[in-house]
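Heads up: the sequence lines are chains A and B, in that order.
Each residue of the first sequence is one higher than the last, beginning at 777 in our numbering.
Each residue of the second sequence is one higher than the last, beginning at 536 in our numbering.
Hints in this document: simulated from the structure, not taken from any laboratory.
Note that the coordinates shown come from a computational prediction; the quantities given were computed from them, not determined experimentally.
For each residue, glycine too, the CB sits at the ideal point set by N, CA and C.
A few of these clues could be false.
Stated by the list, open to error - Take a look, some chain A residues computed to stay more than 12 angstroms from chain B by CB distance:
#1 Thr780
#2 Leu798
#3 Asp918
#4 Asp1023
Unchecked claim - In silico DSBU-like pairs for lysine-lysine, Cα to Cα no more than 30 angstroms straight-line:
#5 B:Lys554 <-> B:Lys760
#6 A:Lys982 <-> A:Lys871
#7 A:Lys1005 <-> B:Lys713
#8 A:Lys897 <-> B:Lys752
#9 B:Lys713 <-> A:Lys982
As the list claims (entries may be wrong) - Restraint ranges, calculated between C-beta atoms of paired labels, are given here:
#10 B:Lys540 <-> A:Thr860: 48 to 56 angstroms
#11 A:Glu955 <-> B:Pro624: 13 to 21 angstroms
#12 B:Glu593 <-> A:Leu853: 44 to 52 angstroms
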Amino acid sequence: MSVTSQVEPLTKIKSKRMMKLLASGKRLDGRGLLDYREIKIENGVVEKAEGSALVSMGNTKVLVGVKIETGQPYPDLPNQGALTVNAEFVPLAYKYFEPGPPDENSIELARLVDRGIRESKTIDMEKLVIIPGKEVYVVFVDVYILDHDGNLVDAAGLAAISAILNAKLPVYRVKENGEVIKMDEYVPLPVQNCPIPVTMVKIDDKILVDPTLDEENMASAKLTITLTKNGEICAMQKSGLGAFTLDEIVEAQKIARKKSSEIREKFFREWC
Amino acid sequence: MTEIKKLIDENGLRVDGRKLDEIRPIKIEIGLLANADGSAYIEQGRNKIIVAVYGPREAQPKHIGLHDRAAIRCRYHMAPFSTDERKSPAPSRREIEISKVIREALEPVIFSEYYPRSMIDIFIEVLQSDGGSRCAAITASSLALADAGIPLKDLVAACAVGKIDGKLAVDLSDVEDKLGEADMPIAYIPALRKISLIQMDGIFTEEEFFKALNMAKDACMKIYKIQKEALKQKYLQTEKE
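All chains should be modelled from the sequences, with the hints used to inform the complete structure.
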């Protein structure tokens, strides 16, 4: 069951200052409304994973590990590999994260990252078949939140795409008796797109990109728009207690379009 | 499921004979449950959804109570027999996500600040699903909230716009959703002129997106009319009695 959650209120002095700055198009950390914090991406930080990436955006840190195993295909898609995305909001990342099964926020985040990757056909699933209908590759994308200072979706989305683009695919050989054996050999994971999510929040009637935790707590609503390398929209999600006007959504889409291609250009140039 | 290749025929009509901008037939019944403080039942295409609202009542367990507003609890749940293949009654990840987005689609219209430390429950049971069940559930939930006498800024009307055979179409059915290229559910609050739910999966160009937004808004306004009519019907009936 989904329940309205308590947001941690900002101190009065901080919220007043934030609002005063916003009125003149500035933010507490000195950014403009449409600026991202500094983004750092480090690939291959976990050697045992087939792909991994650590993304930091300001104080937000998200690690994604990609494990690739074999298994049965989905019954309705016998000639495709499988993809699952899961997110863990580990307790070390934030004082209000509790251990236990994934809550609605981590499920929402995982499903949003999943939609971005799946709908843009980032991984060529048809190339992930070992024995049609029987044995396929299963790509597990596990999102690990390490430090929470807002905008987990973009950090997770970037880490996931970076880990996938750099992942290696273990080669399997099918013996004549049908036995599948793992070779000591790797090829790159077949990738064909590069979806980039852009998250914005609305405070008063201002749209801000890449919100910090304080900004998320002040915001009435949040919107994530994910765009493919060809500039198509492939995933979208509104969250939060408030709502957007049509004009705001149209504006947000334009912002997301610009920001996603800037990020793609900067970090994933060789992939597009 | 039988394999259907073409979703739009040579006359531009869809599998169920609808035009691209035509919503499925909607039937609404309000106040059908005796125990709930408010309830509504909706049929939209083959969707059959029942919604009950309880509250405002004392927050239980106490720790979920908020000092400045009512806590809204929302559960979207599909009956095991509501789908082609039996669905386990345990809440799936999809249902957990949908419960959250439905709650957040309804929160903006509820005067929650009138009821601090209390809770308002919205229980949604999908008895039969046919694509677009989250939207139909939102449409019905806002009516159940109204039926419970909870002060609202307006009703919320919801409808999806998707892409089938490369063309934009409103209110996708099950088959269209599965075989289509994109789906974008939207909830609209006419009085506030605001969108309280927007999700998307699939592929939209910028142009398609703008067009889809407007188509969704128009479809929501049609549904809004039907909602108001259903409320009036119920209200007039009560007056006669």
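Tested hints:
| no. | hint | verdict |
| --- | --- | --- |
| 1 | Thr780 | violated, 4 angstroms |
| 2 | Leu798 | holds, 20 angstroms |
| 3 | Asp918 | holds, 14 angstroms |
| 4 | Asp1023 | violated, 9 angstroms |
| 5 | B:Lys554 <-> B:Lys760 | holds, 19 angstroms |
| 6 | A:Lys982 <-> A:Lys871 | holds, 29 angstroms |
| 7 | A:Lys1005 <-> B:Lys713 | holds, 24 angstroms |
| 8 | A:Lys897 <-> B:Lys752 | holds, 29 angstroms |
| 9 | B:Lys713 <-> A:Lys982 | violated, 37 angstroms |
| 10 | B:Lys540 <-> A:Thr860: 48 to 56 angstroms | violated, 29 angstroms |
| 11 | A:Glu955 <-> B:Pro624: 13 to 21 angstroms | violated, 39 angstroms |
| 12 | B:Glu593 <-> A:Leu853: 44 to 52 angstroms | holds, 48 angstroms |
Of the hints listed earlier, those the structure fails to meet are numbers 1, 4, 9, 10 and 11, in rising order.
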